[in-house]
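Peer 1: What follows is each chain in one-letter form.
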Amino acid sequence: MTFTFAAARPYAGAPRRGPLTRLLEDERWLAVALLLPTVLLLGLFIAYPFVKGVELSVTDAKVGVPGHFVGLQNFEQVWNDGIFRVAVWNTCVYTAVTTVFKLVLGLWLALLLNNNFKGKAFTRAFILLPFIIPTVLSTLAWKWMFDPTFSVINWLLYQLGLIRTRINWLGDPNLALISVIIVNVWRGVPFYAISLLAGLQTISPELHEAAAIDGARAWQRFRHVTWPLLLPVTLVIVLFSVIQTFADFQLVYVLTGGGPANATQLFATYAYQLGIGTGLLSEGATISLAVFPVLLLVVIVQLLYIRRVETH
Amino acid sequence: MARIDRRRVLKISGAGAVAATTGGIAAILASGRAPAYAQASTVHWLRWSDFVPASDQVLRNTIAPECEKALGTKLNLEMVNANDIQARITSAIQSGSGPDIILGLNNWPQLYTQSLADVSDVAEDLGKAQGGYYEISKAVATADGKWIGVPWCVGGGLVAYRKSWFDEIGCTQFPDTWDALRDAGKRLKEKGRPIGQTLGHTFGDAPGFWYPYLWSWGGKEVEPDGKTVALNSKETVESVKFAVGFWKDACDEGGLAWDDSSNNRAFLSGSISATNNGASIYLEAKRKPDTYQTDKGTPMYQDILHAPLPKGPGGQFNLPGPFTDMLMGYSKNQKPAKDFLRWVSSKPIFEQWFTSQQGYTDGATLVWEEDKVWGADPVMLPFRDLPRKGRLMGYAGPPGRASAEAQTKYIIVDMYAKAVQGMPAEDAVKWAHEELVKIYT
Chain A
1 MTFTFAAARP YAGAPRRGPL TRLLEDERWL AVALLLPTVL LLGLFIAYPF
51 VKGVELSVTD AKVGVPGHFV GLQNFEQVWN DGIFRVAVWN TCVYTAVTTV
101 FKLVLGLWLA LLLNNNFKGK AFTRAFILLP FIIPTVLSTL AWKWMFDPTF
151 SVINWLLYQL GLIRTRINWL GDPNLALISV IIVNVWRGVP FYAISLLAGL
201 QTISPELHEA AAIDGARAWQ RFRHVTWPLL LPVTLVIVLF SVIQTFADFQ
251 LVYVLTGGGP ANATQLFATY AYQLGIGTGL LSEGATISLA VFPVLLLVVI
301 VQLLYIRRVE TH
Chain B
1 MARIDRRRVL KISGAGAVAA TTGGIAAILA SGRAPAYAQA STVHWLRWSD
51 FVPASDQVLR NTIAPECEKA LGTKLNLEMV NANDIQARIT SAIQSGSGPD
101 IILGLNNWPQ LYTQSLADVS DVAEDLGKAQ GGYYEISKAV ATADGKWIGV
151 PWCVGGGLVA YRKSWFDEIG CTQFPDTWDA LRDAGKRLKE KGRPIGQTLG
201 HTFGDAPGFW YPYLWSWGGK EVEPDGKTVA LNSKETVESV KFAVGFWKDA
251 CDEGGLAWDD SSNNRAFLSG SISATNNGAS IYLEAKRKPD TYQTDKGTPM
301 YQDILHAPLP KGPGGQFNLP GPFTDMLMGY SKNQKPAKDF LRWVSSKPIF
351 EQWFTSQQGY TDGATLVWEE DKVWGADPVM LPFRDLPRKG RLMGYAGPPG
401 RASAEAQTKY IIVDMYAKAV QGMPAEDAVK WAHEELVKIY T
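Keeping their order, the protein sequence lines are chains A and B. Counting from 1, position 307 in the first sequence corresponds to residue 307 in my numbering; the numbering is continuous, with no gaps. Counting from 1, position 308 in the second sequence corresponds to residue 308 in my numbering; the numbering is continuous, with no gaps.
Okay, chain A solo, but in the shape it has when bound (with noise of 0.2 Å):
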């Protein structure tokens, strides 16, 4: 009888082993390399940018005209500019005010969604809608909606009989604030949703079963067990929503262009009037980077709150 040792070998010595094999199976060699591609692409489209955004912030660059180095004489200059300080009131207004209502709205929602009900797939996939439809595309229907002198709002409200002349949504300053803050709430409220009821669906369903024996109502179901073990779920996505925010560009470029007055006018849209109409580049990096301190330290606080909460 003859044998065949063809598949019989030992695993250690079965495979050739070549230099880059045997390079990868040190941990620390793999960890490089499949670190590698994000590295780069971070950098690439992160870091490099960010840095170069630095490096225009302290020129006198502008637009064809690389500038020389000026120190934080664009910083100086942009903190004088009233037209920056009513941005930065305007985002921070913004933001505030369009989170709490994300918040509310996107939980009572996420709550409602927890249960079972008929068409509860179809539903949970619709509400998604507001959030995937372009932002651009939305917020041009939007300004139609809202539009001085054609707007279906207000002939709707007019047709209702609870006004008599005309409101001026995206003209009177005040409302046009509330207009972009309405759209912003109208487009973030789904993210909520569905992160918030994936937080939920977390929480075991003994636990609310065990405080409803306790005699708990619903309301301190809600306050004492579905509340503290949503809240790392709901810091991060609060952060995220923040971030996300503070930077928001096209809703307002699109509705109102920074206008009337400047009673739109946020950071990023004050950045782009500034750097691109008036091709003082400098500036505009200046500007944009006058959210990074911002950023850092909502990032900063909410991580070291998380932190807290889950250690607790």
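Possibly wrong hints are sitting among the right ones.
A few chain B residues that face chain A, going by a derived Cβ cut-off under 7 Å, partial list only [stated by the list, open to error]:
#, residue
1, S41
2, F242
3, G245
4, S346
5, G400
Far from chain B, some chain A residues (derived; all Cβ distances over 12 Å) [as the list claims (entries may be wrong)]:
#, residue
6, N80
7, V100
8, N115
9, L160
10, R166
11, I167
12, W169
13, F191
14, R221
15, L255
16, L274
17, L280
18, G284
Source of the hints: derived by calculation from the structure; they are not laboratory data. Ideal Cβ placement from N, Cα and C applies to all residues, glycine included.
Go by the hints and put chain B onto chain A.
Peer 2: Quick look at chain B alone, frame taken from chain A:
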């Protein structure tokens, strides 16, 4: 099958044309060198989406093919929304590549001076051949004594108004003083037919009304030295006070949120009686006489006339919008692009485009004042005289970077907007003055 000799084959094929002129393959072989006919070059021209769509059609369907035949240059035409051109210019200059020629609005050439090629030879020749340029066209297209762009045309605005509605309240001529207009507007607004003007952040109509308004009261941004800010003056404060009253009495108050198309739509739907605008309202109404009708069922365009903005204590002005073709410095096609500019602005070619505009714009050179387009429709005739009476932003200084910054920040427009929204006139003027000081120092 007939015998086809080599000469006939060459004539039939595409290369036959060139070979025939140079004497055929035999001549090429005899000279011992490869034929040196020019490579077909491409010129990439970036323009705005014209408010008169017919003109874009003329460029694509008539002028582009003609260009290929006459110059051997393929014309790559690109039209984008006017608001987006600056973003394209910025990225093109910063990255060093992009369209060869870009159509700049207003005083954009002054913003990008260092990145534009010297086109003095082309511009001077065209100017000499066509009776000279308007002052305003020259002012935006020159810097440091050389031409940084070839002026293309000049856009302008007049007040489009509903003749029958003004007749009804007793104004057979359009009011030519601000008091008369306020009075007429008040009576019209009571009938639900206010005057409509934008006070929003929009690049065309907002400066187009409020800068000439400021000048007509005697106000100005800077002194002729181009550095001393002169906005805070008695005249400016007067103009602001009047504007507040005028707005409340005679204007559609939604105008604070209007963009460049809102007044067109409002006028064509019959909700306002007058608005300062380019000729696009009238031309659109004329294009679709069945869509845009008066209450009596007659075509609206027959009820539209144009008039200049009223006189004020300081005079009567308008803000023209010069368009300039800028040859970008980074372009590798300098010679083909210059030849193209020379050709496309020449009388026979430009005329085709100019005719399709039907008077929406004026030429940049004086010769176009005599063009037959002005005899075609008396309603459009007032547009012909705009460039001579126009002033540019940044008056009384030169239209440089600082005036562009002031416009981009909407300082003058916001001065009136703030006052209309309740800020005392003196404070609004003071605010605007300080903003200008920051820009001009």
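Peer 1: Now look at each hint and say whether the structure bears it out.
Peer 2: Consistency of the hints with the structure:
1. The criterion of a C-beta within 7 Å of any C-beta in chain A is not met by B/S41, whose closest approach is roughly 24 Å, and the hint is violated.
2. The beta carbon of B/F242 comes no nearer than 18 Å to any beta carbon in chain A, farther than 7 Å, and the hint placing it at the interface is violated.
3. With a cut of 7 Å, the hint placing B/G245 at the interface with chain A is violated, because the nearest CB-to-CB distance is about 18 Å.
4. Hint status for B/S346: violated, given a least beta-carbon distance of 29 Å to chain A, over 7 Å.
5. Residue-level restraint check for B/G400 is violated (minimum Cβ-Cβ distance to chain A is 11 Å; threshold 7 Å).
6. A beta-carbon of chain B is positioned within 12 Å of the beta-carbon of A/N80; the least distance is around 7 Å.
7. Non-interface status of A/V100 relative to chain B is upheld: no Cβ of that chain comes within 12 Å, the nearest being about 26 Å off.
8. Every CB of chain B is more than 12 Å from the CB of A/N115 (nearest about 42 Å), matching its label as outside the interface.
9. With a closest Cβ-Cβ approach of about 20 Å to chain B, A/L160 is found to remain outside the 12 Å limit, as its non-interface label requires.
10. The Cβ of A/R166 does not lie farther than 12 Å from every Cβ of chain B; its closest approach is about 7 Å, which violates its non-interface assignment.
11. Interface exclusion of A/I167 from chain B breaks down, the closest Cβ pair being 10 Å apart, not more than 12 Å.
12. Separation of A/W169 from chain B is inadequate, the least Cβ-Cβ distance of about 7 Å not exceeding the 12 Å criterion.
13. Every CB of chain B is more than 12 Å from the CB of A/F191 (nearest about 28 Å), matching its label as outside the interface.
14. At roughly 46 Å from the closest C-beta of chain B, the C-beta of A/R221 stays outside 12 Å, upholding its exclusion from the interface.
15. Against the 12 Å criterion, A/L255 falls within the reach of chain B, whose nearest CB is about 9 Å from its own CB.
16. Against chain B, the non-interface label of A/L274 is violated: not every CB pair exceeds 12 Å, the least being about 7 Å.
17. For A/L280, the shortest C-beta to C-beta distance to chain B comes to about 7 Å, within the 12 Å cut-off, and the non-interface label is violated.
18. With a least beta-carbon separation of about 10 Å from chain B, A/G284 fails to lie farther than 12 Å from that chain, contradicting its non-interface assignment.
In this structure, the hints that do not hold are numbers 1, 2, 3, 4, 5, 6, 10, 11, 12, 15, 16, 17 and 18, in rising order.
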